[in-house]
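Asks: Chain by chain, the residues:
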Amino acid sequence: MKILVGIKRVVDYSVRIQVKKDGSGVETGGVKLSINPFDEIALEEALRIREKGVQAEVVAVSIGPADVQQQLRTALAMGADRATLVETTDAVQPLMAARVFLELVKRENADLVILGKQAIDDDCNQTGQMLAALWDRPQATFASAVELKGKTLRVTREVDAGLEVMDVDLPAVITTDLRLNTPRFVKMPDIMKAKSKPLATLKLAELGVAPAPALEYVSYAAPTPRSGGRKLESVQALVKELRDRGVLS
Amino acid sequence: MNKILVIAEHDGAKLNNSTARAVSCALAVGGDIDIAVFAADGKAVCAAAGKLKGVKRVLRIARPENQAPLAAVLAPQIAKLAAEYSHVLAPSTTFGKDVLPRAAALAGAAQVSDVMKVVDPYTFERPIYAGNAIATVKAPAKPCVFATVRTASWSACGEGGSASVVDQTVDLVLPLHSRYVELKKDESGRPDLQSAGRVVSGGRGVGSKENFAVIYKLADKLGAAVGASRAAVDAGFVPNDLQVGQTGKIIAPDLYIAVGISGAIQHITGIKDARTIVAINRDGDAPIFQVADLGLVGDLFQLLPELEKELDKV
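So the protein sequences, as listed, match chains A and B. Under the working numbering, residues 1 to 249 are what the first sequence spells out, in order. Under the working numbering, residues 250 to 563 are what the second sequence spells out, in order.
The hints are simulated quantities; they were obtained by calculation from the structure and are not laboratory data. Note that the Cβ used here is the ideal one computed from N, Cα and C, for glycine as well. Fair warning: there could be bad hints in the mix.
As the list claims (entries may be wrong) - One side only, chain A facing chain B, incomplete, derived with CB under 8 Å:
| # | residue |
| --- | --- |
| 1 | Val92 |
| 2 | Leu95 |
| 3 | Gln129 |
| 4 | Glu164 |
Stated by the list, open to error - Derived DSSO-like pairs: lysine-lysine, alpha-carbon spacing no greater than 27 Å straight-line:
| # | chain 1 | residue 1 | chain 2 | residue 2 |
| --- | --- | --- | --- | --- |
| 5 | B | Lys366 | A | Lys21 |
| 6 | B | Lys470 | A | Lys231 |
| 7 | A | Lys240 | B | Lys558 |
| 8 | A | Lys231 | B | Lys562 |
| 9 | A | Lys32 | A | Lys21 |
| 10 | A | Lys231 | B | Lys466 |
| 11 | B | Lys558 | A | Lys231 |
| 12 | A | Lys240 | B | Lys387 |
| 13 | B | Lys521 | A | Lys106 |
| 14 | A | Lys240 | B | Lys470 |
| 15 | B | Lys329 | A | Lys21 |
| 16 | A | Lys21 | B | Lys387 |
| 17 | B | Lys366 | A | Lys20 |
| 18 | A | Lys240 | B | Lys562 |
| 19 | A | Lys20 | B | Lys562 |
| 20 | A | Lys32 | B | Lys498 |
| 21 | B | Lys521 | A | Lys32 |
| 22 | B | Lys521 | A | Lys240 |
| 23 | B | Lys387 | A | Lys20 |
| 24 | B | Lys521 | A | Lys231 |
Using the sequences and the hints given, assemble the complete structure.
Replies: See below:
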C-alpha cells in the first residue's frame, strides 16, 4: 500500500509568538521553524504501519517555499521512503491545500493519507476533512489508535464525550491527535542516509490545480493580556469572593 | 437579509449546550436563524432546539443513517441544505470540527474556524497560534459562509423561543464506507475536561499519584473536571489525557483552580481564557499568581480540606 503523509513547516512550538507592531502579521523572521508536531505524529504512525510488516511505501509531501526541503529531509531521516515538495511562496489555506493533496493522491494512487489534525500556526483543523470530502473517501479525525484489518481501518477517535470507535474502508484519510504515538528521534546515521533518498520538487503552478476560495486575513492583534489579581489571606475570604462574583452559588 | 443555518450537536436524546452557544454567534451575525437536527428520530432534540431564543425554524432531518454523527454521512446533507443559506454555523467541538470542513469543501467554500467575535456578517475574529494572536478574517460571501463557533467565547443563548419544527428530507444516496462502532464514555462520572464549567488542576506540587486524591476530592465537591499540568503528567501522577496547556487541552471554564502549579507559559496558554482563575501554591512568587484573579499562598494539604469545609457552609 502507499501512504501519503502531510508535512507542514511551522514556527516551532517553543517560540513565543509576537504580533508585529503594525498588525500586519506575526513575527516569523529569525525564529526556529520545525515540522508541525501533529505531522510528526502522522509520519510516525505511517512508519509503524510499515514496521508491523505491511508492505507499504511512505511518501512525505509538503507545500511551501523551496527551503521546506529541509523539513522533508528530516522526514526522510525519520524513515519516509521519499518526499515531494509542491513549491510555492504563497500562503496556502486549507481548501487549497486539500486540492493540492487530492492531485498528489491521484498521481500517487494512494491508499491512505495521514495528516496532523491541525497545524499549530493557523490552528484551522480543516485540511484532512476537506481532502476526504473532495476525494469522496472516509475520514477518521483526531485519531488516538489505528488498527489495520485488511482493507479496513479501525480508528479510535478522541471526541469530547470520550473515545469514539469507527471503521473506515480504504482508501481513507486519518488525522492525528496527540496521544496516537510518540514520534522517534532522528539518529545521525539516518540523517546521512536521508541525503540520498529521492526528494522531488514540483511547482504549484505546474500542478494544474484551480485556485480555491480563501479567507482574507485583514489584521492581527495580540490577545488582551491577563493581569494578576490579588492574594487573599484565608480560605474563607476566597470562598466569599467567589460567591460575591457569582462564580460559586 | 442573512439566512443562517446552525447545525445542532446532540447525542440522539439531548441537545448539547454547545448548540445554544453557536446560536448566540448566529444572533450576533443577525438574520433568520434555522437549526438543523440530523438524527434517526430527533423529536426530543428538536423540541429543545425550538425553545432557543431567536430561532425561526427547526429542520428535522430524520433517517436511519443519521443515527450516529458520522461526518461522511452528515456533510453531504449539510452541503445540500447550505444552498438556501448565507451562513452555516456549527459549534467548534470535536463534532463541529469533524463535520463542517467536510461540508464546506463539498460546497466549494473556505471555512472560518473558531469564531470568537463577529465584526460584521462576513468579518470575524479567530485565534491563531494557540490563542497567542488574534486574526481578523473576511470570508467570501459566495457560495456561503461556513464557520465553527468557539464555544468558550459565547455564552448560551437563552430560551423562550417557539420555533416551528419542520420535517425535511434531503434526497441523497449516502456513503457506506464509514461505520460507527461505539462510544466509550469516561466512566468517572466527572464532567468532560474540555467543556466543563469548572476545573480543578494539580501540578508537580501535589507530589505523587496518591496525593492526587485531594484534587479529585475537591473537584467532586465542586462538580468540576480534573486537569493537570504537563509536569504532573510527566511525573506520572495522572494520565496524559488530563494535560492542560498548549500541547494538551486548551480550555476556558468559568472557574479554574490551579493547585500546586507554578504556571509555565505552556500551561498558561491553555487556561488564559478561563473566566476566573484561582491559584493555590506554596510559593508566593510562582508565575501562576501573575495571571490568577485570586490567590492563596500556603500548603495545599492544609488549604484544600479547609476549602472543602468552607464550601459546605451555606
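Asks: Hint by hint, say whether it matches the structure.
Replies: Now the hints, each set against the structure:
1. Taking 8 Å as the C-beta cut-off, the interface hint given for A/Val92 is violated, the closest approach to chain B being about 12 Å.
2. Because the beta carbon of A/Leu95 sits about 5 Å from the nearest beta carbon in chain B, less than 8 Å, this interface hint is met.
3. Taking 8 Å as the C-beta contact cut-off toward chain B, the hint placing A/Gln129 at the interface holds, the least distance being around 4 Å.
4. Look at A/Glu164: its Cβ gets to within about 5 Å of chain B, closer than 8 Å, so that hint holds up.
5. Taking the CA atoms of B/Lys366 and A/Lys21, the gap is near 22 Å; set against the 27 Å cutoff, the hint holds.
6. For the proposed pair B/Lys470 and A/Lys231, the alpha carbon gap of about 23 Å is at most 27 Å, so the pair holds.
7. Between A/Lys240 and B/Lys558 the CA atoms are separated by roughly 13 Å; this keeps the pair inside 27 Å, and the hint holds.
8. Between A/Lys231 and B/Lys562, the direct Cα distance comes to roughly 22 Å. Compliance with the 27 Å bound is thereby established for this hinted pair.
9. Between the alpha carbons of A/Lys32 and A/Lys21 the distance comes to roughly 20 Å, so the proposed pair stays at or under 27 Å and holds.
10. A hinted pair counts as satisfied when its Cα atoms are at most 27 Å apart, and A/Lys231 with B/Lys466 qualifies at roughly 24 Å.
11. Taking the CA atoms of B/Lys558 and A/Lys231, the gap is near 20 Å; set against the 27 Å cutoff, the hint holds.
12. For the suggested pair A/Lys240 and B/Lys387, the alpha carbons sit about 44 Å apart, so the restraint of at most 27 Å is broken.
13. Between B/Lys521 and A/Lys106 the alpha-carbon distance is near 43 Å, which puts this suggested pair outside the 27 Å criterion.
14. Straight-line distance between C-alpha atoms of A/Lys240 and B/Lys470 comes to about 17 Å, which keeps the hinted pair within the 27 Å bound.
15. About 43 Å separates the Cα atoms of B/Lys329 and A/Lys21, which puts this hinted pair outside 27 Å; it is violated.
16. Distance restraint check for A/Lys21 and B/Lys387: the Cα-Cα separation of roughly 21 Å lies within the 27 Å cut-off, and the hinted pair is therefore satisfied.
17. With a C-alpha separation of about 21 Å, the suggested pair B/Lys366 and A/Lys20 falls inside the 27 Å cut-off, and the hint holds.
18. For the hint linking A/Lys240 to B/Lys562, the alpha-carbon distance of about 11 Å falls within 27 Å, and the restraint holds.
19. Taking the CA atoms of A/Lys20 and B/Lys562, the gap is about 50 Å. The hint is violated against a cut of 27 Å.
20. This hinted pair checks out: A/Lys32 and B/Lys498 have alpha carbons roughly 24 Å apart, not beyond 27 Å.
21. Of the pairs offered as hints, the one joining B/Lys521 and A/Lys32 holds, with about 24 Å between alpha carbons and a cut-off of 27 Å not exceeded.
22. With a C-alpha separation of about 23 Å, the suggested pair B/Lys521 and A/Lys240 falls inside the 27 Å cut-off, and the hint holds.
23. Between B/Lys387 and A/Lys20, the direct Cα distance comes to roughly 20 Å. Compliance with the 27 Å bound is thereby established for this hinted pair.
24. Under the criterion of a C-alpha separation no larger than 27 Å, the hint pairing B/Lys521 with A/Lys231 is consistent with the structure, at around 18 Å.
This entry does not satisfy hints 1, 12, 13, 15, 19, going by the numbered hints stated previously.
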